[in-house]
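Asks: Following the hints, position chain B against chain A.
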Amino acid sequence: MPIKTIALHVYPLSPCGITSDLAAVFGSLVEWLVVSSRGLGRGVVAALYFVVLLAPLTAWAEVALSGFMQQNTAFNAVAANPDGRHYKWLEEHARIQLDATEDAWRLLVKGDFSYDHLGRHDQSELREGYADYAASNWGLRAGRQIITWGLGDLVFVNDFFPKDYEALFAGRPLEYLKRGVDAVKLGAYPEFANFELVLAPDFQESRIPDANRFRLYDPMPAVTNRETVKPGQGDVGLRAYRDIAGYDAALYLYRGFQRTPSMRPDNMAAPTKITYFYPRLSIYGASLSGRAGAGVLSLEAAYYDSREDRAGKDFAVPNSQTRLLAGYQIQPAEDTSLGFQYYAEHMHDYGAYLAALPAGFPVEKHWSHTVTARLTQFFLHQTLRFSAYASYNTSNGDHFVNPELRYSFTDRWWGAIGANLFGGKPWGQFGQLARDDNVYLQARYEF
Amino acid sequence: MKHWWIWLIAALLPLAFSGQAQALTGEEVMKKSQAAFLYPGKDFKARVVMKLINKDGQERVREMTMLRKNMGEAGGDQKYFMYFFRPTDVKDMTFMIHKYPARDDDRWMFIPAISMVKRIAAQDKRSSFVGSDFTYEDVSGRDIEDDDHIVEREGKVGDRDCYVVKSTPKGSDADFGHKITWVDKTSFLPLKEEQYDKKNTRYKQFSADEIAEVKGIPTVVRRTMKNLQTGHRTEVAYLKTDYNLGMEDSLFSERFLRQPPRKWVD
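Chains A and B, in that order, are what the protein sequence lines are. Each residue of the first sequence is one higher than the one before, starting from 0 at the first, in numbering that gives the first Met the number 0. Each residue of the second sequence is one higher than the one before, starting from 0 at the first, in numbering that gives the first Met the number 0.
Same shape as in the complex, but just chain A:
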């Protein structure tokens, strides 16, 4: 059965056409990331790479170094983790960002060095690392990059790029909701429209919460023999966009796989092994946004073609869907913004789904309706920000609330306190996390 999370997406890594210098620089960075996977030594090695890289780069281009240091803690508010720990997140984190430009070229590297106190230890990663080339009416970006398409606020219709749901639910800064993809992005910008094509040679999945830290619904908890099979190929995404009478209009195409895994038992009657896999998926979508009355209206729609099981007869594979989103955002007063969204998912082969669903499994609705609201209010010359996001699924009662207060102590220091509150049916996307409510703290010094 599909694991319940919203999701999807695309990308790669062949610095074709990059000057040899840049390719070498880029290659070594990527190599560092790929080769090193665990152990504190990785962070040190990576830091050395930065220093070694800098000297030739500064001779060749305009180079800017920046970064931050961060502490991030999330306490359980209701119950301990399944592994007995009392924290959802406990981590020190540093970033070094290198930004080099020369004419039409740009090299951007964001290296994150982090230490997790909840058993994962060194969590360093190359957050982003890419080379850009921008010509007058086309451009290319190659390497690890974060891509966000679509219009939704924590609701994803045409943003089929990989997410990190664990980061969102464990109170990390919002930027960690997105995962980088190793891809080549080609942009073409003729007069009549803009096109972006994203080619990823390797599939990158979304990260779902860790079962040691979050209570995830599991219909077969007794089966401990589990394996994950990732697609052996990459994926591709295309976006075309332009202005139509003052509205931002876009079309989206995706051919790849579901970003969150489905699970298949080897035998329904007496399962001994569960295999996680990523079903084949194509998406055809569109979006429109622009001024309407006093606010901004956003509309999005997409058809999710479940290529793995078009007939909808395989209970382990998500049914084909239509997703619809309407959002409206206004500014009712100075420094105040209010946003509302209505989001629907419609299952296409509901009859086949019901017929194939094994007894004892939770039954999903034919239509799923969700409403969300977000309030953002600034105070003290926009140095203090309160924001609250709430999502409620009217079909099954699933809900998620995230209030947050963030203050900039100086131009370099900021801190935030917030909470993640979940509820709903035990198998719902948020309902399964009902006992995982947490309160989080973030503090960051930027340099």
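Treat the hints with care, since some could be wrong.
[Unchecked claim] Listed next, the stretches of chain B that the computed footprint assigns to chain A, with coverage defined by at least 3 CB atoms under 8 Å from CB atoms of chain A:
#, segment
1, 83-93
2, 129-136
3, 183-194
[Unchecked claim] What follows is a list of derived Cβ distance ranges for each label pair:
#, chain 1, residue 1, chain 2, residue 2, range
4, A, Gly292, B, Lys198, 52 to 60 Å
5, A, Leu252, B, Lys41, 37 to 45 Å
6, B, Gly71, A, Ala134, 25 to 33 Å
7, A, His116, B, Thr200, 52 to 60 Å
8, B, Asp208, A, Ala244, 41 to 49 Å
9, A, Phe378, B, Glu212, 37 to 45 Å
10, B, Asn199, A, Leu250, 52 to 60 Å
11, A, Gly245, B, Lys41, 17 to 25 Å
12, A, Leu250, B, His97, 19 to 27 Å
13, B, Gly71, A, Leu250, 29 to 37 Å
14, A, His116, B, Gln57, 53 to 61 Å
15, A, Gly118, B, Asp208, 57 to 65 Å
Derived by calculation from the structure, the hints in this document are not laboratory data. Using N, Cα and C, we set each Cβ at its ideal position, and we do this for glycine too.
Replies: Only chain B this time, still in chain A's reference frame:
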């Protein structure tokens, strides 16, 4: 002296012309002032350093490159592009405004951390620009048609002769009662402006602190907006100011919002 009247006319002519100059209406003065202050050149670029200073003297700095392109005549549509350098938590953020005098702006923001372009609601041009004492209107202009303008008197700011214009909002929805602007008679730049609330109390004061000629165009390169009620003030310096650089329309687009060209944002 048959033609005594010719001599009389000749003698009176200069008076007549100077009389005409003085007879500029309030609206004409404000139109010329807007053209001189917010519309000079076909396009404009500056590195803007804003210091937000509270009454205890504590400072916060907002630094950005601001690009502006006129889409037509003075008083018409404009496009703005901003790239932020400071504070560090908004570094690389970009912001774009398509300004239409008679209706609400279109605004877009690019958030680099999540690589997302967001269109943002903007029905209130009177709201604070990046937390400063300047409003969007103070930065990009207020529609002349929104107020009644009367030349109240003539006055001086320093040694500069000025028109002193009182502007009163036509509608009742404005958040201020009226404002008084000292407009330089030569350059038509606003040298001083006082904003009054609806109870007729002065609460905000603008001053042009330094004017420099850039490509022959008198430009306010240092300015201050002070909130007289809270004691908070914002001092702005325009560095590397330049005009008529040949900015393309395509610069003001989502592509460059996501990928600001270094050439324009240094």
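Asks: Hint by hint, which ones does the structure fall short of?
Replies: Hints 3, 4, 14 contradicted; others consistent.
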